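Engineer: Given the coordinates of chain D, work out where chain B should sit on it, guided by the hints.
Residue-level listing of the chains:
Protein chains: 2
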Amino acid sequence: MIKERLEAIRKLMAKENISAYIIPTSDYHQSEYISEYFKCREYMSGFTGSAGTLVIGINEAALYTDGRYFIQATKELLGSGITLMKIGEEGVMDLLEYVENLLKDGGCLGFDAKYIDANFGIEVAKKIDIKSIDLVSPIWNDRPAMPYSKAFVLEEKYAGESVTSKLVKIREEMRKVDAKYHLVTSLCDIAWIYNIRANDVLHNPVLLAYTLITDDAAYLYTDESKLDFTIDGVTIRPYESIYEDVKKLSGKVMADIDSINYELYLGIDDLEARHNPSTILKAVKNETEIKNLYKAHIKDGVAVTKFIYWLKKNVKSDITEKMAAEHLENLRKEQKGYIEPSFETISAYGANAALMHYSIKDEVVLKNEGFLLVDSGGQYYEGTTDVTRTIALGVLNERMKECYTLVLKGMLSLSDAKFLYGCTGRNLDILARGPLWQNAIDYKCGTGHGVGYLLNVHEGPNGFRYKKPKDEYYDCVIEEGMVSSNEPGVYFEDEFGIRIENEIIAKKHIKNEYGQFMAFETLTLVPFDLDAIDYSLLSKKEIDMINKYHKRVYDELSPFLLEEEKEWLLAMVDGEQGKWMNVL
Amino acid sequence: MIKERLEAIRKLMAKENISAYIIPTSDYHQSEYISEYFKCREYMSGFTGSAGTLVIGINEAALYTDGRYFIQATKELLGSGITLMKIGEEGVMDLLEYVENLLKDGGCLGFDAKYIDANFGIEVAKKIDIKSIDLVSPIWNDRPAMPYSKAFVLEEKYAGESVTSKLVKIREEMRKVDAKYHLVTSLCDIAWIYNIRANDVLHNPVLLAYTLITDDAAYLYTDESKLDFTIDGVTIRPYESIYEDVKKLSGKVMADIDSINYELYLGIDDLEARHNPSTILKAVKNETEIKNLYKAHIKDGVAVTKFIYWLKKNVKSDITEKMAAEHLENLRKEQKGYIEPSFETISAYGANAALMHYSIKDEVVLKNEGFLLVDSGGQYYEGTTDVTRTIALGVLNERMKECYTLVLKGMLSLSDAKFLYGCTGRNLDILARGPLWQNAIDYKCGTGHGVGYLLNVHEGPNGFRYKKPKDEYYDCVIEEGMVSSNEPGVYFEDEFGIRIENEIIAKKHIKNEYGQFMAFETLTLVPFDLDAIDYSLLSKKEIDMINKYHKRVYDELSPFLLEEEKEWLLAMVDGEQGKWMNVL
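Top to bottom, those sequences are chains D and B. Residue numbers for the first sequence follow the numbering used here, so the first one is 1292 and each next one is one higher. Residue numbers for the second sequence follow the numbering used here, so the first one is 1292 and each next one is one higher.
Looking at chain D on its own, in the form it has when it is part of the complex (with noise of 0.2 Å):
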C-alpha cells in the first residue's frame, strides 16, 4: 500500500521534474500536536510516531526519526522499501546531504511550503533549487476532513484580561520597531489574544487560524462556521486567504521567524523578525488566571489523589497500565469544569518508565512490586494541568528508593528556590539536577516547561535547563506570575524509572536593600508516596517540606475525598506511619 502511494507520488514528481521531495510531520502552524488532515508524513510512510522527516526520491526514500522511535519505524517501515535514518547514530547521513546525493543527476527538490518552517526553508534555499507544491494531496484520495470544531469566548472571569487590553500591549510593541502589521500564526497565541478556545487540534484546546494585526484592525483568518459569536474590533477573513492577503502588504510586518511557515515567509516583503508580544505576554499569568488555577489544581489534585488511593488499594486485581490511565481519566471526568487531558497520558511500569515518551501498552498488567510512573494532566476551565507521580505497588528494592528520594529531594530544593530577580532557569536548573549530579545520574532532558491557561501543557519561553540555549529568548528572567512544570527524574533502561512533577509559580518575595527576592509556590496538590522514601537521606528541612506540603494537600483536598481516603491522606499528615515522627 505505501509502495503504491510512493510509486504514485514519484510519478508526480517525475511530471514537475522534481527528484527529491521532502513530507515532515506539520500542520501549516508547526504545532505540537497535528491533526489527521495533516499527518501527510504518516499517510506516505505507514510510520505513525510524533516526530519524522520523509525524503522521496525517483528510486528510494528515507525516513528520518530519533532514538525515541528507532524500533517502532523498524517495525512500521517494514516493506516499505524506505529506508530508516537513525538521527544521532554515527555514519548517519545528514538530512541534506541525502538531498543533494538524489539530486545530483539533475532535478529540483519539492516540498510543500506550508509545512515547511521559515527557518529551514531559507537555509534549503541557499544551496538547493526547491519547488513547492502540494504532490499528497492529489494521491490521498479518502483523506480526512480538516479539523472542525465550534469555537467557544473564554469568558473574562476565565481569561482575566479583554482582547482589547491585550491589542493595547501588542500594539505597543509593534510601534517599538515601526512595524505596520503583526502577523500571528502560532494558534495558542491567537487563542489567548482573543479569549477564544476550540478543539481543532488534540489536546490543545485551540482553533485553526491565522491573525494579523494593524495598528487599528485585527483581521482572523479561520472557517467562519466555527465561530457563533463575533469578537469586539476583529474582522474575520477566510482561513486561506492570508497567504493572498500577505503579499499585497506594504510596509514592515513583525512575524516569528520561528513560528511561521516558509510560504508565508515568501510572501512577506519586508519581515521584522520578532518573537510574538503575546508568547511572553501569555506567560505571566494574571490575577484572575492564578486565582483560578488554584481551584483547578484543587480538582486536579482530587482525581489524581483519588486514583492513588485506588491504585494502592486494588493493585492486585489485574490492572494493566491502560485501565489506570482509564480510571484516572475517569476520575477527572467527575470533576466540573474538566474538558480533557492536556496530553496523552503516560502510564507506565516498571522498565517502561525508563521510556521517557512511552505510549500505554493494553497488555501491561501492573504487580504488586516496583513502580507505575504516571504522567498526566487536565484542561479546565481554570487552567491547565500537569503532574507526575511515581507510585510504589509494592516492595522496592534499596536503589529505588535511593532514586525516589534523590530525584524528590531536587524537586523540592527547586520549588524552595529563592532567589534575586534578575534570574532565569539556567541559574536554578542545578538545585533540582543537584543531588542526582552528585550520584553521577542525569536526565537528558529539561527540568521544567512552561504551562499554558487552558492552552498548550508546553509553552515558552520559561522553563528549567541548564543548557545555553541556542535562542537567548528561551532563557528569560522568572517573573511573577510565570507557571512552570518541575520534573527531575530518573530513567534506567531495562530497569525502573522515576518522575516526580509538581508545577510552581513564580511569585515576590521579600524586597530589600539587595533588590526583589523571588520565590515559588507550588500549585499541585498531590501526595508524594511516603512508601518509596529513604529518609535516611533526607535533612530536617526536607522532612519540614514534605510534612507542610502533605499538611496543605490534606487541608484543600479533604472536603472533596471519601472517609477511607482521607483517613489514608491524614495518616501522612500526622505521623502516623510512625516513621516521620522517629526522624522529627
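Calculated directly from the structure, the hints in this document are not laboratory data. Hints may contain errors.
Pairs involving identical chains hold if they fit within one copy or between any two copies, as the list cannot separate such chains.
Simulated pairs of lysine-lysine, BS3-like, Cα-Cα distance not exceeding 25 Å [to be verified]:
1. Lys1692 / Lys1831
2. Lys1831 / Lys1709
3. Lys1448 / Lys1586
4. Lys1842 / Lys1306
5. Lys1405 / Lys1543
6. Lys1759 / Lys1709
7. Lys1405 / Lys1538
Fair warning: this is a prediction, and the values are worked out from it, not measured in the lab.
Structural biologist: Showing chain B alone in chain D's frame:
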C-alpha cells in the same frame, strides 16, 4: 597646586581648540593596577583612588567615580575646583552628556588615545569631534620614570609549556579566521605566551610590552635592556614603535577590541576583533602548573595558618589592622619561592570589613571581640594564591555566627558541586549564594574569579556569577584545569563583614552514559574558624566536609608548623573542641 596644573593644561587646551579633555585611570594596556608613571588622573586631580575619570573643561572640571570612593574623593578634591560626580546616584549627569555640554560653544574633545580603551573611543567618535594629544606630559615636570624592571624567564619546570608550543596553538587560531597578524597588548597574555615575568606593575609580575605575531615570526615590543636573555623565534622591537608598525600592516589583524587602546585601534586597517586565544589557553592550567600550585598552596597555607594561630593568641596585645597585615606578609616571606603579594592585603576589623574594597587604616586596633577579615594572596614561582579568612577575635553575637555559617555553607556547596561538562559559572553560582538567598541576603559582586599562574590574581574568562554577562565569552564552559576563587560573603554596613574564600580547580569526575561529570578540588589549605560556626545550621554532610578538609589541612601543613601550632590545628581535626563529636 591642582588649580595651577589645571590652569596649565587649560592653556594648552585653548591652543589646540580643545574644550574638554578626558583623563581616565589607565595605562596603555588597560591594566588593573597602574604604575606611578601612568597616574595622570591622580596628578591632575589629587584624587588617589584606583578608579575614576577626570573631565577638564575650560571653566570647570569634574571627577567621575563610584560608591567606593565618594568619601575619599570628597576629601581629596577639596579646594581643587573639581566637582565630584557620583556614578550611580540619581540626577548625576552621564559623562558623555557632561562632555557634550562643555562642547556646546564649539571646540573638540581631547584625550591621549593610548589611555582610552578602543570601545569607548569608537563610541565617542560617533558623536563628537575628537583630537588625540598628550597634554599631561608637557606640564608634569617631575613625572616618575616609566616602570623599569629586569625580566626573567619562567623556566619550563614552572611554566610547563614551551613558547614554541604556545605559538603553535595561537597560530592555529589565527589561521581559523585567516588573520595575517595577531596583536596582543594585555600584559598578562604577553607574559604567559613568552614565559617571561617582570616587575613593571605592582602585584602583577608582568613586563611592559606589546606583541605582534605572524605565521612565521613574533615581535616583542619592549625596552630591550630589560631582557638579559633571548626568546627562541622572537625578535625584540622598541616599545613605542608598535604604533608606527601597526599602521604599516597590510592584511587581517586579529586583536581583542576589549583590551587594545584606541590609538592602536585607529592604526589598524583590517581588524578581526577576537578575544586573545592566549586568554583561554592560559586559563586552563597544565599538569606542571597544577603540580606546582599544590606546592604554592601548602606554602601559602602554612603562612596563613601560622598567622591565624598568632592572631588568636595575641589579639589582646594592641595589634592594629596594619600590623596584622605586616605580620602575615612576614610569614609569607619566610616561604621559599615567595615573590610579592598578589594584591594589596585587606585586613579589616569589625564594621570596616563591610566595605568590600577597604584599605587598611593604621590606627584601627583589634579588640577581643568580633571579626577580622583578612583577604590576601601571594605570588610564588609555583603560582598565584588568593585566600580570605574571617577570624573570630573573641565574643561573637548570634547573628555573626549565623552569617558566618551561611557563608561557609555556600562556599562548601559550590566546592562540592558535581556537574556535567558544559556547565558555566552561571549554572553553579546559586550553590554559593543559595544559603544567603534563603535568608534574603546577597553580596553585590560575583562569587569568584579566575586566578592566573604567577600572573594576575583576577584572570578571565572563567568565574562564578549569576547575571548574564554582556559578552557571552565571560560565561565560558568550565574546563578541566581552570582555577577560580570561591568567595561568598556578607556585608552589613556599620556592623560587620564576612568572606570565606578558597581557590578551587576544576577536574574531570565520573564519565558514564550521561556524559563527563566534572568536580572541583580545593587548592587552598587554611582552617575555617570553628569558633564562628553555628553548627545547628549544618547538615551531617557539611560537618563531614569540614572535618575532612581540616584533616587534609593538618596532614599537608603539619610538617611545616611548630608544635603548638600543630596541637591547635589537630584539635580541630580530632574533635577535641567537643562540639563536632556531639553532632556526629
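Engineer: For every hint, state whether the structure bears it out.
Structural biologist: Here is how each hint holds up against the structure:
| no. | hint | in the structure |
| --- | --- | --- |
| 1 | Lys1692 / Lys1831 | both (18 Å within a copy, 20 Å between copies) |
| 2 | Lys1831 / Lys1709 | both (18 Å within a copy, 23 Å between copies) |
| 3 | Lys1448 / Lys1586 | within (13 Å within a copy, 69 Å between copies) |
| 4 | Lys1842 / Lys1306 | neither (70 Å within a copy, 81 Å between copies) |
| 5 | Lys1405 / Lys1543 | within (22 Å within a copy, 44 Å between copies) |
| 6 | Lys1759 / Lys1709 | both (22 Å within a copy, 18 Å between copies) |
| 7 | Lys1405 / Lys1538 | within (15 Å within a copy, 54 Å between copies) |
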